[in-house]
Structure formats: structure tokens, C-alpha cells
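The lines below spell out each chain.
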Amino acid sequence: AQSVTQLDSQVPVFEEAPVELRCNYSSSVSVYLFWYVQYPNQGLQLLLKYLSGSTLVESINGFEAEFNKSQTSFHLRKPSVHISDTAEYFCAVSDFGDDKIIFGKGTRLHILP
Amino acid sequence: KAGVTQTPRYLIKTRGQQVTLSCSPISGHRSVSWYQQTPGQGLQFLFEYFSETQRNKGNFPGRFSGRQFSNSRSEMNVSTLELGDSALYLCASSQTTSGSSDTQYFGPGTRLTVL
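Same order as they appear, the protein sequences are chains A and B.
Reminder that position 6 of the first sequence reads as 6 in our numbering, one-by-one numbering, no gaps.
Residues are numbered in our numbering as their position in the second sequence, beginning at 1, plus a constant of 1000.
Honestly, the hints are just simulated from the structure, not real lab data.
Keep in mind the model is a prediction, meaning the values are calculated, not measured.
Honestly, I wouldn't trust all of these hints.
[As the list claims (entries may be wrong)] If you want the ones that stay clear, here's a sample from chain A, every Cβ over 10 Å from chain B, calculated:
{"no.": "1", "residue": "Gly-62"}
{"no.": "2", "residue": "Lys-69"}
{"no.": "3", "residue": "Gly-106"}
[Unchecked claim] Below, in silico cross-link-like pairs of lysine-lysine (PhoX-like), each with a Cα-Cα straight-line distance of 20 Å or less:
{"no.": "4", "chain 1": "B", "residue 1": "Lys-1013", "chain 2": "A", "residue 2": "Lys-105"}
{"no.": "5", "chain 1": "A", "residue 1": "Lys-100", "chain 2": "B", "residue 2": "Lys-1013"}
{"no.": "6", "chain 1": "A", "residue 1": "Lys-69", "chain 2": "A", "residue 2": "Lys-49"}
The beta carbon of each residue, even a glycine, is placed where N, CA and C say it ideally should be.
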């Protein structure tokens, strides 16, 4: 069965520094990959998703994620974080032909002034 | 378009009681999924309804149940509440099933506190 691992439960980073949030999934079959973000006291919202094509996907607020099939990873990066990026980030995976989406346990991003 | 709405936003109950939570999906969306979010366990899938049929169910006891109406609105019910049921319950809707390329749109959640 598919599973998602987000190794870091919390990541502290200084404002304007780069950040990488790691995500690995278990199955090597064809997958759809997602990153969702949850700001304090809000529901989740989609940040970006990989369906097919270019392995690098970008969001409108400067985040990007790269699909690496050989390493079964979909790490999220941003070259320079802002205080407004403080949130919890969830990686999610769905196998082709399956009708379930599996979420990781989340990584809380703390931006230090 | 209006987003996913959940009512009530906050709820306080005592052990042994039962509770019903409601979710109205985005207009045109036929799939509604429910999740339980706690600090220790993260986001755990409860169940998904599509066109009034339960398509998937997570590993939760039978005290947790749900249903979907013909207008796609969904309710979930928890009977015989336990302290461990305290959590944020999130509802998400999508046009087709949750496990597809479709984006899931989440509501703000219902925070349930069991005393």
C-alpha cells in the first residue's frame, strides 16, 4: 500500500533563507503528487501538483517541487522564505487508477526573524 | 463560486454523547471526503462519498459514520464520543474521486472538543 513520509515534523528557518521540505512516497507505480498548505486556523489549500510532463512544478508564491521517480521523492523548495510562509505543509500521493489520496503527517515551517 | 463550508465551526460535547457535522461542497463537486486531524496523528482519512455512495473508508471504528445527500451535501456522525475524538474534522470536495488528478478543496474544519 502506498505511504507518504515527511521526515521533518518541524523546520525552523530564518527569514529570506532557502528551505527544503522533504517528501518520500513508498510505491514506484505511476503517481499524482501534491503539496497542500495549511495556514493557522484554516483548512488545507493546494500549493502545487505534479500530474505528468515536466518534473519541476511551480506555485504562484515562489515554491517549487521536483518529482524524482528513481528516488520516489517530491521535495518542496523555496529560495527565500517570508514570514507569511509560516504554515504546515502536507505532501500527498495518489496512485494512477486508485481512488484514494494519501497524506503525509505534515511539516510545520517556522520562520525566524 | 462559494468554497466548501462546514458547520458548526466549533463544538463542545461530553463523553458518551453523539455529534453530527455537516459539509457543503463546492457547487458541481460530487465527491466529499472527511479527515480527522490531530497533533499526534496528523491527517487521517475517515471516508469518501461520491454520488451518495461510500467509495472508501479509513481505519476508524463503526462509531464514525457518514452519508451524502442527492445535492452532494454530506454529514458525518460520531456516536458515543470518547475523549480521543477531540480533533479538527476537515471536509474536502472534488469534482471526481479524491484519488485522481483532481484538486481537493478543503473547508475550514469543525473543531470538536470532547470533555
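> Which earlier hints turn out false for this structure, listed by number in ascending order?
Replying inline: 3, 4 and 5
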